[in-house]
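Engineer: Just need the whole structure built from these sequences, with the hints factored in.
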Amino acid sequence: MTTTMDMRPMPLPAETTASKDAAEAKIAMSVRNLKAGYAGGAPVLKGVNLEIREKTVTAIIGPSGCGKSTLIRCLNRMHEAIPGATADGEILIGGRNALELDPVVLRRAVGMVFQRPNPFPTMSIAQNVAAGLTLNGVHDRAILAEAVEKSLRRAALWDEVKDKLDAPGVGLSGGQQQRLCIARALAVEPAILLLDEPCSALDPIATGRIEELLIQIKEQLTVVIVTHNMQQAARVSEYTVFMLMGEMVEYGLTRKMFTQPVDKRTEDYITGRFG
Amino acid sequence: MNEALYARRKRLNALMFALTAVCAAVASGTLLAILGYIAWKGASSLSWDFLLHLPKPVGEKGGGIANSIVGSAKVVGLAGVMGVPVGVLAGVYLAEYGRGKFAFAVRYAADVMNGVPSIVVGLFAYALIVHPMKKFSALSGAVALAFIMIPIVLRNTEEFLRLVPGTIREAALALGVPRWKVTLMVILPTAGRGILTGALLALARVAGETAPLIFTAFGNRFADNGWLNPIATLPHTIYTYAISPYEDWHNQAWAAALILMAFVLLVNVTARVWLRPSSGTSH
Ligand SMILES: Nc1ncnc2c1ncn2[C@@H]1O[C@H](COP(=O)(O)OP(=O)(O)O)[C@@H](O)[C@H]1O
Ligand SMILES: [Mg+2]
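Protein chains in written order, with this note's numbering: chain A, 3 to 277; chain D, 733 to 1015.
For the record, the hints were derived by calculation from the structure and aren't laboratory data. Possibly wrong hints are sitting among the right ones.
Incomplete in silico selection of chain A near chain D, CB under 8 Å [stated by the list, open to error]:
(1) Pro65
(2) Ser66
(3) Asn78
(4) Arg109
(5) Met114
(6) Phe122
(7) Ala128
(8) Asn138
(9) Val140
(10) His141
(11) Val190
(12) Lys220
(13) Phe260
In this text, all values refer to a predicted model and were calculated from it rather than measured experimentally. Even for Gly, the Cβ is constructed at its ideal location relative to N, Cα and C.
Structural biologist: What follows is the structure in structure tokens.
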């Protein structure tokens, strides 16, 4: 899979190095003054600024309805797949504004996993994993087989399905289906993987498996995860973004935010005083 | 509270139940009666000779309907080849891109087309093909049947495409697959079973159409002779034989009707068994 996009990190502009915790990490994606909304509604994102560090897990937390999904869906422009949805501002990736790129090319570099597992119902396990390749014209069996195995291993699903790769993807358990969806997203070799509450439909054991694999795969790529579960954010992420009513309230190292939040509203949310 | 009132309500309830049950019995009984009657009348003239031979010259006894069977297969087959792709793709358009005025017009036109008497569609095919070519033909009959199929297939396709959950579309889009490929290679196959079933039912439906073939396919007592000549079809042969003065032809009409009926039933049952959701499909 080749993309025309240069995925090298863009040089760190002086003004964004303010956060000294992050000085050493390169920036994979930089969101500036992002405003977004839906047809006929009030703006949902009211000028969000944040940076996503390369090869880290960044968690986006905040009360339901604050715009977490809207934000993460802007990052690979799935947001605009909703009729009438608008997005304005800058999402710099590899030095270019993602909002001005071809969304199809962008999405190959920025993959996504959704809240509910959504394997393709007509496809087998292997076909599901390979779908991003086959649908884009890769038909070499050896390449596909290799990509399927590699992706399933990265998604910690290989051992469970290696003997039934031709069985329907929808026949797996919910947790397995979600890992299948992660494998499918990884097969395209994205530089960034977005996950929107990927465990909200799963039991604690399935959730634990996904958390483990996220910690594994961040060695190779950048992970952004929306979660309503603060323990999950604490377990998997290095950085946390706290959102409230369409605004980014606080952003920083997870361990710092959970121990000594800067903003009063963050503190209130984390200590469970609202949300 | 009031015993009498309660008893009356109970009686009324029983009465209404009986009434609906009787009507339901009439509705399903009609099908059984038709099937039974045709089987009874048709079976006596049915034989391998009847299926495999051409009609005898007028006045001679015996002969078969081989040309009508082949003709129906050809005309209905060609109608499917023309009508199913057009109907499916138009349905894709409506389901995937159909929001504007044009889509509204297409949807409305399809619904009106569904109600147009089939003989009018036959007249249209006559004007469109038979008249300019100065010849009745298998082709013109197939075009008439295709026109009848298109709105049925179109609306059915649209409905089944709309049943595909939006999350499937999102999953494919998020993989960096262009929209048109998502539509044709992910959404369409996901709805494929329902769409195919609809196409089969539409085929079965037009296989029994007579009126649109009267002045298009026209009928023929001889062996099939290409796409551009008049051709015999089962419903049209039944019609011709039934209104003829010959006792032998009447019997053959019953037997031909039995064949047609069996074919339509077979396709219907196949389609409906197929439609039954299998593992995982989300209909
Ligand atoms: N498809 C949509 N159309 C209109 N409004 C929407 C749509 N999706 C979300 N919203 C609105 O945008 C706001 C933020 O939603 P969302 O980003 O889904 O929040 P979160 O993921 O944090 O729960 C909510 O007020 C919601 O009602
Ligand atoms: Mg959400």
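Engineer: Next, verify each hint and record whether it holds.
Structural biologist: Status of each hint after checking the structure:
no.: 1; hint: Pro65; in the structure: violated, 24 Å
no.: 2; hint: Ser66; in the structure: violated, 19 Å
no.: 3; hint: Asn78; in the structure: holds, 7 Å
no.: 4; hint: Arg109; in the structure: holds, 4 Å
no.: 5; hint: Met114; in the structure: holds, 4 Å
no.: 6; hint: Phe122; in the structure: holds, 6 Å
no.: 7; hint: Ala128; in the structure: violated, 15 Å
no.: 8; hint: Asn138; in the structure: holds, 6 Å
no.: 9; hint: Val140; in the structure: violated, 12 Å
no.: 10; hint: His141; in the structure: violated, 13 Å
no.: 11; hint: Val190; in the structure: holds, 6 Å
no.: 12; hint: Lys220; in the structure: violated, 19 Å
no.: 13; hint: Phe260; in the structure: violated, 30 Å
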